[in-house]
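Assemble chain Y onto chain W, guided by the hints.
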Amino acid sequence: MSANHDGTTLLEVRGLTKIFGTLTACDHVDLNIAKGEIHALLGENGAGKSTLVKMLFGSLEPNSGEIFWNGQAVRITSPGAAKKLGIGMVFQHFSLFEALTAAENIALSLDDGSPISSIAAKARALSYSYGLPLDPESLVGDLSVGERQRIEIIRCLLQTPQLIILDEPTSVLTPQEADKLFETLERLRSEGKSILYISHRLEEVKRICDRATVLRHGKVVGHCNPRQETASSLARMMVGNEVKAVVRAPAEGIETAPALLDIRALTRKPATPFSIPLKNINLRVRAGEVIGIAGVAGNGQGEFFESVSGEVLQQDAGSVRIRGKDAGGLTITGRRLMGAAFVPEERLGHGAAPRMKLSENLLLSRHATDGKAFVGSGGMVKSSAVYSAAQRIIEAMDVRKSAPDPEAAALSGGNLQKFIVGRELDRRPSVMVVNQPTWGVDAGAAAHIRQALIELARSGSAVLVISQDLDELFEISDAIAVMHNGELSKPLPIAEATFEKIGLLMGGAEPGHAEHTLETA
Amino acid sequence: MMRLELVKRPQRSMLFSALSPFIAFGLTIVAGAIMFALLGVNPLSAFRIYFIEPISQVWQLHELAIKAAPLILIAVGLSVCFKANIWNIGAEGQFILGAIVGSIIPVFFPQFEGPLVLPLMLLFGMVGGAAYAAIPALLKTRFGTNEILTSLMLVYVAQLFLDWLVRGPWRDPQGHGFPQTIQFNDSAILPELMPDAGRANWGFVFALVAAVAIWILMSRMLKGFEVRVLGSSPRAGRFAGFGLNRMVFFAFLLSGALAGLAGISEVSGAIGQLQPVISPGYGFTAIIVAFLGRLNPLGIVAAGLVLALTYLGGEAVQSALGISDKVARVFQGMLLFFVLGCDTLIHYRIRLIGLAAPKLEAAPKLKEAR
Numbered sequence: 001m002s003a004n005h006d007g008t009t010l011l012e013v014r015g016l017t018k019i020f021g022t023l024t025a026c027d028h029v030d031l032n033i034a035k036g037e038i039h040a041l042l043g044e045n046g047a048g049k050s051t052l053v054k055m056l057f058g059s060l061e062p063n064s065g066e067i068f069w070n071g072q073a074v075r076i077t078s079p080g081a082a083k084k085l086g087i088g089m090v091f092q093h094f095s096l097f098e099a100l101t102a103a104e105n106i107a108l109s110l111d112d113g114s115p116i117s118s119i120a121a122k123a124r125a126l127s128y129s130y131g132l133p134l135d136p137e138s139l140v141g142d143l144s145v146g147e148r149q150r151i152e153i154i155r156c157l158l159q160t161p162q163l164i165i166l167d168e169p170t171s172v173l174t175p176q177e178a179d180k181l182f183e184t185l186e187r188l189r190s191e192g193k194s195i196l197y198i199s200h201r202l203e204e205v206k207r208i209c210d211r212a213t214v215l216r217h218g219k220v221v222g223h224c225n226p227r228q229e230t231a232s233s234l235a236r237m238m239v240g241n242e243v244k245a246v247v248r249a250p251a252e253g254i255e256t257a258p259a260l261l262d263i264r265a266l267t268r269k270p271a272t273p274f275s276i277p278l279k280n281i282n283l284r285v286r287a288g289e290v291i292g293i294a295g296v297a298g299n300g301q302g303e304f305f306e307s308v309s310g311e312v313l314q315q316d317a318g319s320v321r322i323r324g325k326d327a328g329g330l331t332i333t334g335r336r337l338m339g340a341a342f343v344p345e346e347r348l349g350h351g352a353a354p355r356m357k358l359s360e361n362l363l364l365s366r367h368a369t370d371g372k373a374f375v376g377s378g379g380m381v382k383s384s385a386v387y388s389a390a391q392r393i394i395e396a397m398d399v400r401k402s403a404p405d406p407e408a409a410a411l412s413g414g415n416l417q418k419f420i421v422g423r424e425l426d427r428r429p430s431v432m433v434v435n436q437p438t439w440g441v442d443a444g445a446a447a448h449i450r451q452a453l454i455e456l457a458r459s460g461s462a463v464l465v466i467s468q469d470l471d472e473l474f475e476i477s478d479a480i481a482v483m484h485n486g487e488l489s490k491p492l493p494i495a496e497a498t499f500e501k502i503g504l505l506m507g508g509a510e511p512g513h514a515e516h517t518l519e520t521a
Numbered sequence: 001m002m003r004l005e006l007v008k009r010p011q012r013s014m015l016f017s018a019l020s021p022f023i024a025f026g027l028t029i030v031a032g033a034i035m036f037a038l039l040g041v042n043p044l045s046a047f048r049i050y051f052i053e054p055i056s057q058v059w060q061l062h063e064l065a066i067k068a069a070p071l072i073l074i075a076v077g078l079s080v081c082f083k084a085n086i087w088n089i090g091a092e093g094q095f096i097l098g099a100i101v102g103s104i105i106p107v108f109f110p111q112f113e114g115p116l117v118l119p120l121m122l123l124f125g126m127v128g129g130a131a132y133a134a135i136p137a138l139l140k141t142r143f144g145t146n147e148i149l150t151s152l153m154l155v156y157v158a159q160l161f162l163d164w165l166v167r168g169p170w171r172d173p174q175g176h177g178f179p180q181t182i183q184f185n186d187s188a189i190l191p192e193l194m195p196d197a198g199r200a201n202w203g204f205v206f207a208l209v210a211a212v213a214i215w216i217l218m219s220r221m222l223k224g225f226e227v228r229v230l231g232s233s234p235r236a237g238r239f240a241g242f243g244l245n246r247m248v249f250f251a252f253l254l255s256g257a258l259a260g261l262a263g264i265s266e267v268s269g270a271i272g273q274l275q276p277v278i279s280p281g282y283g284f285t286a287i288i289v290a291f292l293g294r295l296n297p298l299g300i301v302a303a304g305l306v307l308a309l310t311y312l313g314g315e316a317v318q319s320a321l322g323i324s325d326k327v328a329r330v331f332q333g334m335l336l337f338f339v340l341g342c343d344t345l346i347h348y349r350i351r352l353i354g355l356a357a358p359k360l361e362a363a364p365k366l367k368e369a370r
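Chains as they are written, first to last, in the working numbering: chain W, 1 to 521; chain Y, 1 to 370.
Calculated from the structure, these hints are not laboratory results.
It should be emphasised that the depicted structure is a prediction, and the values quoted were computed from it without experimental measurement.
Hints should not be assumed to be uniformly reliable.
Estimated spans, in silico, between C-beta atoms of each pair [as the list claims (entries may be wrong)]:
| id | chain 1 | residue 1 | chain 2 | residue 2 | range |
| --- | --- | --- | --- | --- | --- |
| 1 | W | S384 | Y | R48 | 46 to 52 Å |
| 2 | Y | L298 | W | S384 | 20 to 26 Å |
| 3 | W | F97 | Y | L39 | 15 to 21 Å |
| 4 | W | A231 | Y | V7 | 38 to 44 Å |
| 5 | Y | V157 | W | S388 | 50 to 56 Å |
| 6 | W | G318 | Y | M153 | 17 to 23 Å |
| 7 | Y | R142 | W | G318 | 43 to 49 Å |
| 8 | Y | A18 | W | A73 | 42 to 48 Å |
| 9 | Y | K8 | W | S388 | 31 to 37 Å |
| 10 | Y | L39 | W | E61 | 51 to 57 Å |
Even for Gly, the Cβ is constructed at its ideal location relative to N, Cα and C.
Chain Y with its partners taken away, still in its complex shape:
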């Protein structure tokens, strides 16, 4: 008989801390190959279509950046929450509210043009996302509600609110009844970075700046230290004089603002108007991005690109092989599953145990001993 046993490491393993996402990615590929084989397609060609072809040309890299930008923006904000042991699962809702509040200016003041429009819209978007995130923070600090549930449920509220807006009061009167707002004017459109090469817009730059800024905050600043202390040992945090309630607000407002910025960047950049659905689940996928990036903002940039690729790959296999693009969700799910599983290796090592020491095994049964 052989069995596996987890043995606690005396210190956390730096090696596996860095290696775990890669092992997880490898396992996802193996499991993905099995899935493709079961679907009756050659795994090798499927992987080529899924992972290689979507990024083989420059314009495709721009598409990758468009998908990665909101993922990274949201995930770096979430990484602060998760490090503080605060579970904001509602970034999708904050993303939507950011998009709605940011759109107030182009929807209600279409004649307002000039260089002020965009900065105002972005600011509104951040305020909208932060304000929406303040609801679960308030409920948690005031009434002790579980923020996982409240923030998650508020996602559906936001989605239905957006749906109602674009079908009702905010619908474009000249839109032939389509559920959408008017097209934003040119001042309200986030410019493309390199219009000749592809569609990627300033949203990707925001994402990179946010990642670097949050990295500095978390690794170099007292506030980041406060986040880490309260997250890892709240009692020690209280002893340090850090307030847990203040931290709940800080983490929710920060991540909400970044999700809101992602939301308004998405509608003013990639879409150009409000529609009933503006996100393929960025706010949820960003949770995977945050963990795959080890809650490290720089790791999150890499993880954001990988997860963006799963979206593009999903679209590619749908058009090339006729497989549902839900396959993207399957890949994302497997990735999160494996990355959380592999994280066990950071604190434990696996030991293969053969037969236990024979002299112990040879002891008589307890009943006889009695």
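Excised from the complex, chain W in its bound form:
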């Protein structure tokens, strides 16, 4: 517990403000972190957590405000300066060279000229003493996401920081890996180190954090002791109001419904040395059901999505079947014409062209399926028809925007995601494949999107959702399969699925073995 929390302040922030153009990302933020505490920084995506942390780590310069370190005013002008002070950071997105070993990666960031062998020895010793076993000689490209995170943590610890900032560390971990991480964090706390823990997962914050600072729209809306709060009281603080719960009516008659999306022995060789091969994937999604695919990021979900959507073609036309017909040899346009719709993970630059208007982004995925409505004779675009369809979607999905037809990049992540999902729902597709439907989306918009996906399924479509967010999958799926290292487990009906079972599969328990444990469990 917080035994080592002796009350002396390590870091104090007063009135820190950062303005980007017209957006005040951080608005007079006050924060103070005591020695030997795990301090949570809570907030929805876009609340200003990352901006605040970047200012603390010296990668952004505040417009105004003060930072005190051990009681002295300091100016943190660069990450190097932050490291010298004793601030270490583990980023959400790792910055590792895949073709180098763990030790080489660590040596690059230390930049002090010590020989790699001594760094490797130190890293090995440190990793075992903190319960984060790591082989410094292994190539990063061969490591799992969890192991890569260990490198980042070890790299940070080697600089003996007094304050460690962790940005959404569990978002890439299985529940079991997360438990390990929590043990390490508690161990660090017992040594008197302070941790700033950024997350939007309320249960884990309640579990390990001593205090929490909640941000909303760039402002601090409260400080609290998370252990004395409930998950829903924390959520209220973060979101500002109650979030409507998603309603999932039981699916009926699924067993006899036709499989609208049928994936048979889908195999794909790795396109680059560091991409994941897909191994003999079989999955059937029937009319009326939502199937969820869980998995730690980077286990082949992206490759799987590309293969199903037709951005990458299959040699065996029968390995992807849509509405009973072979689709493996068809492009994404051909598959859309068969009634399928796709929402990729990345919004800007994949699902939408950032510098194009929403109406143009509507045309992006629907120029072929709605060819008659949107494209006239001679290839002329009927812009007024496209525009009014875009407005229809904006209204149906409650997309908030500042102009009638703004550029995609001008929308917040959540609003753009609502538009991109709405763009496909508007077609009433019979097969819908969505990768990370609510990644980086605020709670209110996420509930809206999830509800819409369930309703689409219940109206007779087949919905396949790939997500790293287990809470989300448990909320909307009728069955959950797990992708690990390019292999897909059998879908587990939601009534039988538990976090623990799914977590074991995410961690790579052998499918057979996992089934065995499931039977005995």
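Only chain Y this time, still in chain W's reference frame:
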């Protein structure tokens, strides 16, 4: 201490998008004045000779149109490439190949006359330019070569090929050994628009028609949308079902055909035969025209006229002031430099920063803090 800082704008600025070419032109004038002063001529009179006198009479406007036509034709084609993020730097070579292939008919069949000759020549010219442009497209899509290098290097191949042709197999046997082909017959000459007023020929009309057609393609048609999507976000383009390789061919063939049309129009219009050198670098200057015109076909028409003027002005200062006509190239270079520089203002605004907030400045040095 004052310093300048670039601050990213939340949205691209429409104002500076339109203003940037004009600011660039203004800066070019300032830099040009300094250059003229250093050369020891009065900048004001030099500018009068460079920019005003070459267009003060009607026949001179015709000369302007003759110079502007190939620039506009090539630049509208290049604008499609550049919008698609495909870098065809070899329009000069496609221009030359268009001229060579288009000249096959008048050089080998001088007796072939009639109304069919010109349309065939123009068609041959377009095919020649497009076929030559297909080489870098093929190399890029097949082997992943960088199209900037291959298309540029093919320019020199084309130039030397033309030089060899007119000195060797295609040389006019009655030409007293001059390196040139026979004079084209009358059916193979592009007619002048208003013979009484000046020399401007149908090439200028082709340029205007091409500009309008490409404008419609890019702003109103699905194909133009495809170009813009693939150019700005290729992954989103693939998600839309647009093929990048097909686009590489489309952009190269289209711009090559237009450059080829410009080439055959130039030899059948302004020159009347093939010579070792048929272009004062139109294919390269057209790159400047495309950017100065904001890659917008209608802007390109205006930009083409401005750059055509730099050619005429260069000739004018050479004859009036004895300054090398290379000064035209200097102006063109400065214009491109400034226009690309000013484009920064579309996405960024400049902020003048005085002393940083004093309380931050007052913080002790890091070493002390440690």
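Each hint tested on the structure:
no.	hint	in the structure
1	W/S384 - Y/R48: 46 to 52 Å	50 Å, holds
2	Y/L298 - W/S384: 20 to 26 Å	22 Å, holds
3	W/F97 - Y/L39: 15 to 21 Å	53 Å, violated
4	W/A231 - Y/V7: 38 to 44 Å	40 Å, holds
5	Y/V157 - W/S388: 50 to 56 Å	52 Å, holds
6	W/G318 - Y/M153: 17 to 23 Å	46 Å, violated
7	Y/R142 - W/G318: 43 to 49 Å	30 Å, violated
8	Y/A18 - W/A73: 42 to 48 Å	46 Å, holds
9	Y/K8 - W/S388: 31 to 37 Å	33 Å, holds
10	Y/L39 - W/E61: 51 to 57 Å	46 Å, violated
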